[in-house]
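Visitor: Chains as they are written, first to last, in this note's numbering: chain A, 2 to 367; chain B, 2 to 367; chain C, 2 to 367; chain D, 2 to 367.
Don't read these hints as lab results, they were simulated from the structure.
Remember, identical chains collapse to one label, so a pair may be satisfied in a single copy or spanning two.
No farther apart than 25 Å at their CA atoms in a straight line, the calculated lysine-lysine pairs in the DSS-like style are these:
1) K143 - K75
2) K75 - K88
3) K199 - K324
4) K101 - K319
5) K101 - K324
6) K101 - K274
7) K101 - K75
8) K274 - K324
9) K274 - K319
4 protein chains.
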Amino acid sequence: MSSALGTCFRISTWGESHGGGVGVVIDGCPPNLSLTEEDIQHELDRRRPGQSEIVTPRNEADACEILSGVFEGKTLGTPIAILVRNKDARPASYEEMAVKYRPSHADYTYDAKYGLRNWQGGGRSSARETIGRVAAAAVARKVLDHLAPGIEILAWVSRIQNLEATVDPETVTGETIESNIVRTGDPAAVEPMIDLIKAARGEGNSLGGVVEAVVRGCPAGLGEPVFDKLDAELAKAMMSLPATKGFEVGSGFEGTRLTGVEHNDHFYMEGDKVRTHTNRSGGVQGGISNGEAIIFRVAFKPTATIMTAQPTVSTDHKDTELKGRGRHDACVLPRAVPIVEAMTALVLCDHLLRQRAQCGLSQQTP
Amino acid sequence: MSSALGTCFRISTWGESHGGGVGVVIDGCPPNLSLTEEDIQHELDRRRPGQSEIVTPRNEADACEILSGVFEGKTLGTPIAILVRNKDARPASYEEMAVKYRPSHADYTYDAKYGLRNWQGGGRSSARETIGRVAAAAVARKVLDHLAPGIEILAWVSRIQNLEATVDPETVTGETIESNIVRTGDPAAVEPMIDLIKAARGEGNSLGGVVEAVVRGCPAGLGEPVFDKLDAELAKAMMSLPATKGFEVGSGFEGTRLTGVEHNDHFYMEGDKVRTHTNRSGGVQGGISNGEAIIFRVAFKPTATIMTAQPTVSTDHKDTELKGRGRHDACVLPRAVPIVEAMTALVLCDHLLRQRAQCGLSQQTP
Amino acid sequence: MSSALGTCFRISTWGESHGGGVGVVIDGCPPNLSLTEEDIQHELDRRRPGQSEIVTPRNEADACEILSGVFEGKTLGTPIAILVRNKDARPASYEEMAVKYRPSHADYTYDAKYGLRNWQGGGRSSARETIGRVAAAAVARKVLDHLAPGIEILAWVSRIQNLEATVDPETVTGETIESNIVRTGDPAAVEPMIDLIKAARGEGNSLGGVVEAVVRGCPAGLGEPVFDKLDAELAKAMMSLPATKGFEVGSGFEGTRLTGVEHNDHFYMEGDKVRTHTNRSGGVQGGISNGEAIIFRVAFKPTATIMTAQPTVSTDHKDTELKGRGRHDACVLPRAVPIVEAMTALVLCDHLLRQRAQCGLSQQTP
Amino acid sequence: MSSALGTCFRISTWGESHGGGVGVVIDGCPPNLSLTEEDIQHELDRRRPGQSEIVTPRNEADACEILSGVFEGKTLGTPIAILVRNKDARPASYEEMAVKYRPSHADYTYDAKYGLRNWQGGGRSSARETIGRVAAAAVARKVLDHLAPGIEILAWVSRIQNLEATVDPETVTGETIESNIVRTGDPAAVEPMIDLIKAARGEGNSLGGVVEAVVRGCPAGLGEPVFDKLDAELAKAMMSLPATKGFEVGSGFEGTRLTGVEHNDHFYMEGDKVRTHTNRSGGVQGGISNGEAIIFRVAFKPTATIMTAQPTVSTDHKDTELKGRGRHDACVLPRAVPIVEAMTALVLCDHLLRQRAQCGLSQQTP
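The shape of chain A in the complex, shown without the other chains (with noise of 0.2 Å):
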């Protein structure tokens, strides 16, 4: 049960980075809903490699095609196979990589684990397993456009190492964000942040940074009361990709600076709907949607492949040296925002699945 996630709507991801190819399995999709393989490929192509001048080059149409669950462009309720085949792999690229570890990545502890691994390209590790979520999300989408329509998810870069965004989540706009090859949210730090992802890239380098998204027009009580709570499951879904390292919501870190009286959020009447002045909760209170915006924040590592000689040990257990190959991006955020978007609609949809088993959908405004 490494590969799964949700309790209503289920996914199951698999595949390698080389090898067959990658795909998922969605169960407990609700039928009915209109799917075809361009609603997926426009999500997969915002994740895909080779898309601008500041992602890895490696040339992946990753073209999906629905195996089954969609009939006559109708989910049929039963499971929806998607698959994606693995097509610009270059194993040789990693041939190294079979008898050393490459430090700060997997490699170790996969063969710590399972006693063996697939050493080309990160095998399992690799990024390229999060088509299979973001191909499941874009299914996820459907449902929520469906049973909960006006829901709005957003992700940006909102930073590069210290160059830092200053982006409303409020009022942030899609169209903004998709108009520059980094994907933030504050055109005035395009530039000053595509430079600095050339600049690393050409000394061999790599960036890491953080991805701030926001959830507007969900509507309040999903989320579970205890140990499924919207944001503990947001943070699971952040925390399981590759490469983060941090998570939080609302005031998160630095909310714990201020006093309780600074820190509350005041209710106050808006017409007939419940709403806080300030929304330091991010829009989740005791575990559950509240109405306002959702808002968190994701710690991005820097790429841990540079193309720079770094000390290791071998498989065999000597102190050696490595030095990177194969195609990787200098900084993942501009190719990690979809993929925030993506768990997010994922974890969205799952408890808006549990929330109609439980209590209905026409629960939410008390």
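Given chain A's structure and the hints, the job is docking chains B, C and D onto it.
Guide: Below, chains B, C and D alone, put in the same frame as chain A:
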């Protein structure tokens, strides 16, 4: 399924702050382990109210009863049910909350989700719910001690508001932490922290901060490669605790300011053991433990209940105001320390059994 | 995970025959349903020992306590914990069983699995474990009555040893069944069945037989198409009861003697409702309810505990002999009737919520 | 979650009879086991259509492709995805079914559940869905052979309509069963059974019967004590197969005619092994294997598709009639044999890993 956690070592907690009691059912515990109520009580006493002058004065012995699953002092392998009765419940203190939503609490969202709530002491959203977790974790520790002896789990208060403790995760001891009522690992920070908490309480205000935790001696190989990454599961576990706003592992958010060249952990051989010179990974690579210390931090917001009048709305949707009553911690962090340790033990125990299921336990050292 | 059942309406039972008690935690119950201890007690009284002259004389009131999840008479949506204390436990009656394996009981297999067992009254393998199921089912009925009013679940004794009752599943009433202590639906069979049971008991012997059940008024559309077929889930639920040896739905084993021409259920329109002329399908086609009566039968073996000396082996692996002691039913079927109904209610409730999650509840009538 | 099975060895099947193909994702498979497409193909060939003169002539090679989870001939521990393309699909044969419900098929119930269906060849309800199960079971066998060598799983046709085979479950061999196209274990029954099937087919009619199965060499200790009893899980697994109407273990329905004195299995020592003189328990006591042969029987109804006109209704709810078309088995039992074996392997493998998780694997022999 609001209240179950774990795949192979699975716990189901239940109970409200005011009502028959709180408890937990543990399913999947290995048989033939010694277990007494004292083992559990010892951990419950570390989290119980009234234990020191800086925590809530609610007077609960939190005495536990093992109802099943143990026979002649040994676990049977069948479910272990543990019950703690509520004693010092004062529902009258909460009557005003029946008709008003406390700011930054779960009152409104429970109503939004379920259409009703137990308003006495927060019901299910009360921190009393964590009793079941702490009790279950005492059992999880028995499993860890038996199957992976040498694992040491420690948490401590690393910051209250802006007051930072200086603690070395590699060397801090449980004795140091438990020797002071704040449960910090820095003796020099004890008195300032106590003063800070008392001052906030004196003003009817509250404080938040950060709890840091370390797992030492964890074998390599625990954690699943995709969704159920060890750090993702820890993130969810911690974010499922009341009042948490953030989680980070290893280098965390600050690590994103480094470049890849600076950030990577280089491997080297220490005798026949694969080690890393630095530990920015925080003991987890690709979601799987690498044998280094697992280090993470959890952000706790300032307690929402403050003894100050605040604007809010009533359940019949009118603007009103509410002043906190009841007995509360002005700063939850000292009592959060054993709870963070408990959640860590639960996650590790589950993953240890999952690892045994799939790979056996001799696998960990490649 | 030995002791949990259900996906959306999930129960976790716990407890041994002798020990603190037995109980259940129900997770996923819809909120705002009326629920009292009396609702549950009514069903527990139908299964409790000592209720008539043909069942075990163990004197247990089996009084239940709702510990959580209900507030002011309404379900909260959070876990409902129910506790029944053991009262008339007589562990001394079982001392010989501590060192000898009772034939056709679970003594040996528990030792083989866990390396130890609670030998007092069979511990977890005792039929007392079903208390938690029956209590949970009383809650499940509330859900069914609310979301799918008109579902009627009835079971009855259809055969004891070779003594067959004549009952029409389409018309039999609960009043008829409950009017006699055997719980058969055939008034003419009552006295012969009672005599048969008494005769067996008089000889220190025991009897088995068949319980038949019907669900009338079940909406079409419940059940999942592949593994979690409605009849597959009913089969598992019934085969998880102590002493069961077989399950069949609709035409069952005898139906395999018909040809396809004879066996098929032809559809026809009755007003605007799709019906079938015959019901060899037993109300389930392709794993999904079709709106006809769901009909199935469960085989219960003769009670393993008999008051006769039998060869067996000791725990130190020597041939020996053992004579049954303790208080037991010479025929479990009268008490099995409410338990079969309970398991049916649990399965239907879970599938109703699963259906609501995926398809909504307006879907059932195409 | 319509299409997933297992806790530790978890499979997710997908696919419809006509469409991109069918397949399975296996999660939780132990690493480092040899696995090739030939291993899987061998089992698929046993279930494929067109293999003999008494099964459906649909011409499908059912060639499988392993898409992930295997590297250089070894399982990686990560999900194994297996794909089988549909080749000889003839949707035109089914056009009439688009607007009419086939009697005793899942056409109507799929519409009732989902509001639409893939009417080509039954879509998801087609027996082609079992390809994924059989493929996964080939992997499960590898796990069993590695962790519990000596387990032998055999199934055979024990009755077709009223024609009963005489087979001793303790001694029947796979060679005997596979030596005839009916897959019965009784050489004397082969020709009469073939004649019976051919006669039915000649009349456009169909037949059902019983498949019996045995597991020899299963260690004691597998199965969970309450809901996930080994026989309950086998019951569910078998009842999840298309066309099944009943399941019984050990003495089954007929055993209920015996008294307890006659029915009980007495223990005795055979060397240092605990054995039973008789095996009415069918190798499972209290839901847990006892080391004796596990014996069970599965009832398969006569194939619903017959080449005869039958009354039915149309999707627009008018009475009409329908004559079977398409290519079908007049008797599914010969092809059901490998599928029953497959489901048995899947259940045992999952329980073996569950047992390893909780108790370790040295526990089985007390």
